[in-house]
Amino acid sequence: MIIPININASSSSTGPLPPQLAQFGTDELVLIEMQGTLEVEGSKAGQAVGKLTVDEKTKKPTLRIGHHLLEGKLVNLPKPLAVLHRPPRPLSNDDDETDIGGERDWSGAQKTQVEWDVVAVVRKKMVFSKRPMPMVASIPVAPGGSVVKKAG
Amino acid sequence: MSTVDLKFTSSLQDAGSFKLMELPPDLCKLIEQSIESNTPTQWTVKGQSTDDAVLCTSTKTYALRSVVLSNSVLVVTRSEDADLMDSSDTVVIRDTLHEVLEPVVSVPKLQVLNGLLRGRVYDEGHEDVDEDVEMEEDDRRGSQSQTDGRPTRKRKFTYDDARETLQASQVELDRGLRERRVLIIDGTLLLCSPATIHSAVYSGELRPIAPSYLTTILELLLNYLVSLSLPHSAAPVSELTTSLEDDHEIKAKVSKQVMAWFGDVDDGLWVMDVKGVVREIGLGILRAYKDDPIPETDFMSKWKTAVGDTFEQSTSLDLLHGNFISIPPSESFSPTPLLSYFPSSSLPTDPFARFADLFLTRSRWKADDISPFLMDICVDNKERDKLLLKYARAITDKDGVWYTARAK
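Just so you know, the protein sequences line up as chains A and B, in that order.
In terms of full-length UniProt numbering, the first sequence has 72 at position 72, counting the first letter as 1, and numbering is strictly consecutive.
In terms of full-length UniProt numbering, the second sequence has 67 at position 67, counting the first letter as 1, and numbering is strictly consecutive.
Hints are computed from structural coordinates only; laboratory data are not their basis.
Beta carbons are placed, not taken as given, at the ideal position from N, Cα and C, and that holds for glycine.
Mixed in with the good hints there might be a few duds.
To be verified - The following label-pair restraints were derived from C-beta to C-beta distances:
| no. | chain 1 | residue 1 | chain 2 | residue 2 | range |
| --- | --- | --- | --- | --- | --- |
| 1 | B | ALA356 | A | PRO88 | 46 to 54 Å |
| 2 | B | SER58 | A | GLY36 | 38 to 46 Å |
| 3 | A | PRO78 | B | GLY308 | 52 to 60 Å |
| 4 | B | ARG118 | A | PRO4 | 25 to 33 Å |
To be verified - Which bits of chain B does chain A cover? Going by a derived footprint, with three or more residues having C-beta under 8 Å, they are:
| no. | stretch |
| --- | --- |
| 5 | 2 to 8 |
| 6 | 89 to 103 |
With the sequences and hints as input, model every part of the structure.
So this is what it looks like as structure tokens:
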């Protein structure tokens, strides 16, 4: 079986990132590393995660998720990483669905039509390595007028 | 302060559609070159479902290791969604990754070729694959095992099949086929320069040539060079192929490939690789002395006779490294060292098994003697030394350094 990996193919670009973000990766793609995983109840699709802020002076990124604040930093990668993307199948292929399974290689294995594109080569990443801090002070006043006070 | 909204992508197709691959300097350079020169390049991941996947560039093979990350890596881009395109303050998480692929340079896995090509030997009178006849190919690997379970009718195994099946880059595959002396029968573009070979797709059937047949062809070629008084540095290909075909029924498509293996064909002229031809003829003679060693002096004189006066000077045991072991006079009660045929190509490829075999053959080896038998399982001398360190024990005495088996 052969899976092609295309370099410098005309990739489906989604447009440039804001410059503040682009400095943490490439013009179009940024890798954000964090401890643990982002858990979502129900479907992830389209869900808002939080607000990502880059301080213009200190260049420190912060990520606010709900009442939690994460502080991040820029990390240069020891070895560059290629980001591979498997483009979704073009719609026109749907008609050929019956063809799949028809083609077999010498050993009898099915030929797949998967291809991957190298969409970016990144040399740095944004890393949130610390635990999230609760954001008590900046919680807006609740509708009832009471403010949750920081214990101690 | 600038703030953007971070969202999960609304596209359901994105999950699992991204991967990260670490780039060693050479691979990184290839990508940079491709981008600078603006030429699309293609690498391939190859392997059957049971193999460990490898990554192949046009010239090299890399084993792919998966390194699992305990952290999550989010792939963040501008949103694909047209509705959000205009809102410049939203970026989306396209995928969440927990794994990085790490390519490690490795030797091409061409050994399977030996098995795939078994029973397809091209020999005098055996131009077509014959199902009933036992082929000589197994001589090297110690007979037996070939009797049962043969399919009665074989599908042809073509160059394209090899390209799809074998975990090796194009250059390495072509080299492997040359080194194994595999003919490509009825393919197109048999004699082309390396530059055109890559763009050419050909479906010729792969047939390893019988070693004895190859020796015969080479000896005939040398004879014709002399009898037709052609210069070996520029011999007309057509004249030689016609003579071979007319007098010895050796098909031009075969002799042409043989000439390409042993030299360069340029503009209808064959520039013979003298060392290569001399070496192959030497191997042909040596092959007969597998279990029954031949005194070195006898062997050398046979070899010189076979190559003729013109090329006598080129014979040297150095050419045959990795194909014989020499038994010193002290051990053999003979006045000169004895040589016996011992090709590294017939040894196991797994380092552990290979060292076991080597130390069974001989209990201790000099570094210079053992290294030719390790060349095909390591990429460079550094890796060879690593293997020696791992699987052998070095002992120094008055004669120098010896390698012996590691005690169990």
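Evaluation of the provided hints:
Between ALA356 (chain B) and PRO88 (chain A) the beta carbon distance is about 50 Å. The supplied range of 46 to 54 Å therefore holds. Roughly 41 Å separates the CB atoms of SER58 (chain B) and GLY36 (chain A), a value that falls within the hinted 38 to 46 Å. Roughly 59 Å separates the CB atoms of PRO78 (chain A) and GLY308 (chain B), a value that falls within the hinted 52 to 60 Å. As the Cβ distance of ARG118 (chain B) to PRO4 (chain A) is approximately 30 Å, the hint placing it in 25 to 33 Å holds.
Beta-carbon proximity to chain A at under 8 Å applies to 7 residues in the stretch 2 to 8 of chain B; the threshold of 3 is reached and the given coverage holds. Using a Cβ-Cβ cut-off of 8 Å, 5 residues of the stretch 89 to 103 of chain B lie near chain A, which meets the minimum of three, so the contact claim holds.
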